[in-house]
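Participant: One-letter residues, chain by chain:
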Amino acid sequence: DAGVTQSPTHLIKTRGQHVTLRCSPISGHKSVSWYQQVLGQGPQFIFQYYEKEERGRGNFPDRFSARQFPNYSSELNVNALLLGDSALYLCASSLAQYEQYFGPGTRLTVT
Amino acid sequence: AQSVTQPDIHITVSEGASLELRCNYSYGATPYLFWYVQSPGQGLQLLLKYFSGDTLVQGIKGFEAEFKRSQSSFNLRKPSVHWSDAAEYFCAVGSFSGGYNKLIFGAGTRLAVHP
Chain A
1 DAGVTQSPTH LIKTRGQHVT LRCSPISGHK SVSWYQQVLG QGPQFIFQYY EKEERGRGNF
61 PDRFSARQFP NYSSELNVNA LLLGDSALYL CASSLAQYEQ YFGPGTRLTV T
Chain B
1001 AQSVTQPDIH ITVSEGASLE LRCNYSYGAT PYLFWYVQSP GQGLQLLLKY FSGDTLVQGI
1061 KGFEAEFKRS QSSFNLRKPS VHWSDAAEYF CAVGSFSGGY NKLIFGAGTR LAVHP
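Residue numbers (this note's numbering), protein chains in the order written: chain A, 1 to 111; chain B, 1001 to 1115.
Next up, chain A with everything else stripped away, as it sits in the complex (with noise of 0.2 Å):
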């Protein structure tokens, strides 16, 4: 079985552009979650979306929003980047509450 994947796997943008990173999570799975990794660090929570609807969003900027397609599959968008926003990109997909499978993710680096 296909697990999630994410596309696409390195993007390299410059500040002030915008960025949009997509993701499909494994056949079944109706909800999916972003997470950012900056360097070092354990991953943080951005949105959670179930049903195409957004269930959750962590502590993140209006600059960062998301949405799901009536196949499960999302799409991540940041606008107005930042040096800052440079991070591993994580989607996750879940079917039972809590257990949730990550993609290889999406490597953003903003100069």
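Rather than coming from a laboratory, the hints here were simulated on the basis of the structure.
Mixed in with the good hints there might be a few duds.
What the hints assert, rightly or not - Below, computed lysine to aspartate or glutamate pairings styled on DMTMM-like, alpha-carbon distance capped at 25 Å:
# : chain 1 : residue 1 : chain 2 : residue 2
1 : B       : Lys1068   : A       : Glu99
2 : B       : Lys1049   : A       : Glu99
3 : A       : Lys30     : A       : Glu51
4 : B       : Lys1061   : A       : Glu99
5 : B       : Lys1061   : B       : Glu1015
With the hints as your guide, set chain B onto chain A.
Facilitator: Chain B alone, transformed into the frame defined by chain A:
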């Protein structure tokens, strides 16, 4: 506030030696606890989880963890480490509030294995 502490930032062991990675959590209710492993440049792989029941849980790759409520700990153990176990290990607690659940992670422990 809910939190996870991994006291050891970096641990080095010899191949074949035993391993214990420490994790302490702060959570008001019965915790759901997880250990994940991350190889360089990779995503997170679930090693094991504790939801309820037997406090000693078995995971993949020969890892086990023991939940100790009195100590608010969930330490990860392996009797004999292999070179391929070198990676970063994250302990996490599941938090449910406001109608959604999320994982709260510790800062991680980087494991190096000497031949």
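Participant: Would the pair lysine 1061 of chain B and glutamate 1015 of chain B pass a check requiring their Cα atoms to be no farther apart than 25 Å?
Facilitator: 15 Å, holds
Participant: Between lysine 1061 of chain B and glutamate 99 of chain A, does the CA-CA distance stay at or below 25 Å?
Facilitator: 18 Å, holds
Participant: Check whether the Cα positions of lysine 30 of chain A and glutamate 51 of chain A lie no farther apart than 25 Å.
Facilitator: Judged against 25 Å, a Cα distance of about 6 Å means the pair holds.
Participant: Against the 25 Å threshold, does the CA-CA distance of lysine 1049 of chain B and glutamate 99 of chain A hold or violate the hint?
Facilitator: 8 Å, holds
Participant: Please verify whether lysine 1068 of chain B and glutamate 99 of chain A have alpha carbons no more than 25 Å apart.
Facilitator: 20 Å, holds
Against the hints set out earlier in the document, no violation occurs for any number.
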